[in-house]
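Trainee: Listed in order, the protein sequences are those of chains L and S.
The first sequence: position 403 = 403 (the UniProt record's numbering), numbered continuously.
The second sequence: position 201 = 201 (the UniProt record's numbering), numbered continuously.
Accuracy of the hints is not assured; some may be wrong.
Which copy? The list can't say, so a pair holds if one copy fits it or any two copies do.
No more than 30 Å apart at the CA atoms, straight line, and that leaves these computed lysine-lysine pairs for BS3-like [as the list claims (entries may be wrong)]:
| # | residue 1 | residue 2 |
| --- | --- | --- |
| 1 | K557 | K61 |
| 2 | K231 | K561 |
| 3 | K479 | K283 |
| 4 | K282 | K98 |
| 5 | K307 | K124 |
If you're looking for bench data, these hints aren't it; they were derived computationally from the structure.
2 protein chains.
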Amino acid sequence: MAAPATTLKGQPLDKPLLERMLRRRMFYTPSFEIYGGVAGLYDYGPPGCSLQANIIDQWRKHFILEEDMLEVDCTVLTPHDVLKTSGHVDKFADWMCKDPKNGEIMRADHYVEAILEARLQGDKEARGKKVEDKEEDPKKKKKKAKSEAVKLDDAVVQEYEEVLARIDNYDGPALGELIKKYDLKNPATGMLPSDPAAFNLMFQTSIGPNSNLPGYMRPETAQGQFLNFAKLLDFNQSGMPFASASIGKSYRNEISPRAGLLRVREFLMAEIEHFVDPQGGKKHHRFQEIENVELVLLDRDTQLSGKTDTRKITVGQAVKEKLIDNETLGYFLARIHLFLEKIGIDLSKLRFRQHMANEMAHYACDCWDAEMLTTSGWVECVGCADRSAYDLSVHAKKTGAPLVVREQLAEPQIIEEWQVRIEKKKFGPVFKKDAKNVEDALEATSQEQREKLAKELGEAGKISLDVAGIANGKAEISKDVLAFEFVKRSVNTREYTPNVIEPSFGIGRILYSLIEHNFWTRGVDGGDEARGVLSFPPTIAPIKVLIVPISSKDEFKPLLKGLSQKLRGLGISSRVDDSSASIGKRYSRNDELGTPLGITIDFQTVQDGSLTLRDRDSMSQVRADETRILEAIRSLVDGSKTWADIESELPKFEGQELDVAAR
Amino acid sequence: MAAPATTLKGQPLDKPLLERMLRRRMFYTPSFEIYGGVAGLYDYGPPGCSLQANIIDQWRKHFILEEDMLEVDCTVLTPHDVLKTSGHVDKFADWMCKDPKNGEIMRADHYVEAILEARLQGDKEARGKKVEDKEEDPKKKKKKAKSEAVKLDDAVVQEYEEVLARIDNYDGPALGELIKKYDLKNPATGMLPSDPAAFNLMFQTSIGPNSNLPGYMRPETAQGQFLNFAKLLDFNQSGMPFASASIGKSYRNEISPRAGLLRVREFLMAEIEHFVDPQGGKKHHRFQEIENVELVLLDRDTQLSGKTDTRKITVGQAVKEKLIDNETLGYFLARIHLFLEKIGIDLSKLRFRQHMANEMAHYACDCWDAEMLTTSGWVECVGCADRSAYDLSVHAKKTGAPLVVREQLAEPQIIEEWQVRIEKKKFGPVFKKDAKNVEDALEATSQEQREKLAKELGEAGKISLDVAGIANGKAEISKDVLAFEFVKRSVNTREYTPNVIEPSFGIGRILYSLIEHNFWTRGVDGGDEARGVLSFPPTIAPIKVLIVPISSKDEFKPLLKGLSQKLRGLGISSRVDDSSASIGKRYSRNDELGTPLGITIDFQTVQDGSLTLRDRDSMSQVRADETRILEAIRSLVDGSKTWADIESELPKFEGQELDVAAR
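So that you can see chain L by itself, here it is in the shape it has in the complex:
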């Protein structure tokens, strides 16, 4: 069970208070609200937008610039054939069922889960047990069905619990059987819902005026990167391994999106596709730089045993123990951890959870999620999947494009193998229309089979072979038209399809978790609502500096303008608040926006040009001339110094209480 969510300072997190604040400061807002809104669509207002841009900026520096990744920007519009090949047309679906009375459409797995859990809850109440506050898992978020205190047979309780433990294992028909077997009526209508039907999560459209080219809005940015693999390899002068990266919107037509940024229909992703040679254990040449990074891991086996105990372990040790499969996967998990730390995620609310076999996407062979603890429980924010050679292979097979690496071997490799030799001129006339099928069947034989068949052909002068698609399914082939030869040959190049390690970031989920992790409240003396603060690191904060004049006199105006211009010249965003509110109120408004620094312009500034600089979190202040204050701001914003550094360098200022109203 997850601990109840807390603020940055360990206070119980008052979610309604936070939500009011986010709305008031326009971090994000339901799209098309004046038209009644559309579920799962949100717009970012100025602070949210800036926060998003700063996260992306740090992401680009941390990943793309640091590792010379090849960034690409591919289209959202994607023709049907591409997503058919990738498996999304057939497999990127959820099961939904419909209530015949009120027409409500529900995710079938969530529906079964909610009702069984409500019955178990009711059983506990009837047995007089204390009802636990169940951990909410946002991946399985559902409307909680209301429980009635009805006692169940012990055997039934056990059966329900077993079903719930395996809920991700059932497909649509199986969920439909459960609904009938346990008579899972919709509490809202008293009706059984329809049989579950597959609902593809992609938005469909058609491209061009003919309406004859069906297409989709991409569900991930990855496919565009895979399709460009050969060009990217060429751009990289054939060097391996290398990574491509892409930042862009993706779309999923969720059956039931929830309020907030955690399950939406349009979202910004940042994805890396790291292409690596599958041979040689997927080593990474910079692994030693991160091997001592400690991660909190929740592995597959622990989960299968029904537990959620995590383990804090260095990446080096985890790879050694094969807990994490290989160096490249470990390298990226550590790099993800370092990125999240840098932007201000609370590390005590971060874990890496390994996917269980049955919950992985159709293309993945291993996957770890970076999950963050929020008021909605543990939320998956970054996935790090090993997609193996799946995508490159299926696209190459479909299109014939060589999505492979050709590697010059240091020394030629000697290959010994059985080869099939067909006497084409005679072979055709013997098998006529079946010739192609028979030839294919011969070519498909393995080395072991060929060795056996060679012996048979030598001894009997003919062989009998299973051939699909011809009359009676068997062909008899004589040594007149066929031979097997054992050949030794020398190979200078090696051709392989790279494997792909894919770190995939949901920027909206990270942004929301970041808000919760940096939120806390400052006590107030009076009866007012606790005052919210967002303690974003200066690099990430939407606005860096609030400029507050202590008076609205004309002599302050040129000072404000000059200071704004200088900050702008440094590329630092600032806001002037020359409203008539008290200085305290003005600062508190900007605490809510997460503005880390404040400059007060007072009467002494007019005299000697000195400025006070205030730290949002400690509310302590320093005072110095403009040059030194600007230098301090620059070093705080680029992350090279902390407030403690600045406090030790510049004179402390305590001459004036901030909460005094403007003179």
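Please build the complex by placing chain S on the supplied structure of chain L, with the hints as guidance.
Mentor: Then chain S, alone, in the frame of chain L:
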């Protein structure tokens, strides 16, 4: 007629050479090429992607940061009702016709134009006139119909020319009539095409599992900004004027997209919506900062008189002469000009063209386009429209949301007016079910009508009023239930719907024009192909520094790594090229990528740590220690210094010819 396109150095622009180079260096590439591609969709490779990111970064600084604009990020998915209200569902369409034989779909206006022009061309040939190389207008780009030398009557020539001059004026039915009247058969099939049908340019989809919420992919980012107007005004603490801004993808299902980035179906836009009080002449408080900026203008009247003569004039003078309608519009035209100059657009290939009345979008009341001269003629890259109060008004009317500004008046305003007084208790029983209609009709009367009706009521004791929706359409109302009173009242607030000035940037078109404007070729001695160079300003260039070791010896490796890391620390992108190609070849590869600076690491570097820095354009070099070289790079990349500055500060280096192969 446009002059033929030239390179940055005035050479004739060899477009096939440029295109080969852009493809080789993966600036952009057709999307889904291994699946055969989709017309109008392109992916950006690493240099294109970086170029795009740098343009956006400069845009954010130049507009959003400089002017404290409120950036928002709204969804692409947009429900039907919003775009119905905005007029896009009904009016955002082109007329298309279809060839009944080969099924080809063509834009009707382009079709008529192409065939008439071919006939006029044929006439000239038949008359033995020299055939001019007609200017290509990419807005009207079409397949050129092949001309046959057939002489036309003088009257027919005049008629065709008049039709062509007004081609933007015809709607679908009129274009259909022209096709029949002039028997405009498709040269490819000899058939008359179908009657033109309206084809809406928006991509349609449906949102949610019910398929009952039709939606579109937005055709512009503007609507999301308008819908958030009230929240943004509130965020801005009710201050006016202010601007919102948005950077994001938009979509138009073009009937016939062309090769290249100039007419595509998915594109990145950067749009500003500047909200301004329509009263007081739309002044701008920073106008004096830009009033001396000189613009090249092609105004509406000049175009209507059939000419394309431009005029170079300061913004101040143009506004004074009312050539540009108001200060705010002029301010943004100047700011657009300055932005384009900053990113490296060739100002001799830039003009601002005013829209003619018949070519404006349905929402615009005035519009100027920043057009750039390219190998495809003059290309519209930035639009700057005055959308008046159109959008806010229609959305407010449809939803009832108050998309208005309420302004406290400095002194109360006295209003004298006739008011309607209804004796509710008696009025209802008299008119029964018609009461609401009669009341509405009374409330809808104008001040003039009320004055007349008051007189009539006073004299006759009753009035007769036209009322829609009631039996016989007239109501007789007596003074028992009705009175008109002349009232004087004092008003403290003014309510108005702001006007919108909208600068709207097509980033892909700007990016492509920027490439052409910065392209030139360096002569070579041998018979090789001329070597392409892209002279992007350092702030905009995709990669800033190429690092070239003169030898592949091991002692160079730590130097390369250290230097890369230091540049990364400064946020400057670099590439190491330690391939075995000659130094000259390696630099020439990076000239094609537009990399402005090169560092050579040679044997002296190993001894004393000094480095040479090379300028892409002049190929001259300086040499200094690492600290000074890094400082020079930083100042060049942030735009604070030019190469001439660096050359005057650091010792010139001529010790080594670059085109000598690596030792």
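Trainee: Compare the structure with each hint and give your call.
Mentor: So, going through the hints one by one against the coordinates:
{"no.": "1", "hint": "K557 / K61", "result": "between (37 Å within a copy, 23 Å between copies)"}
{"no.": "2", "hint": "K231 / K561", "result": "between (50 Å within a copy, 26 Å between copies)"}
{"no.": "3", "hint": "K479 / K283", "result": "neither (49 Å within a copy, 96 Å between copies)"}
{"no.": "4", "hint": "K282 / K98", "result": "neither (46 Å within a copy, 55 Å between copies)"}
{"no.": "5", "hint": "K307 / K124", "result": "within (21 Å within a copy, 87 Å between copies)"}
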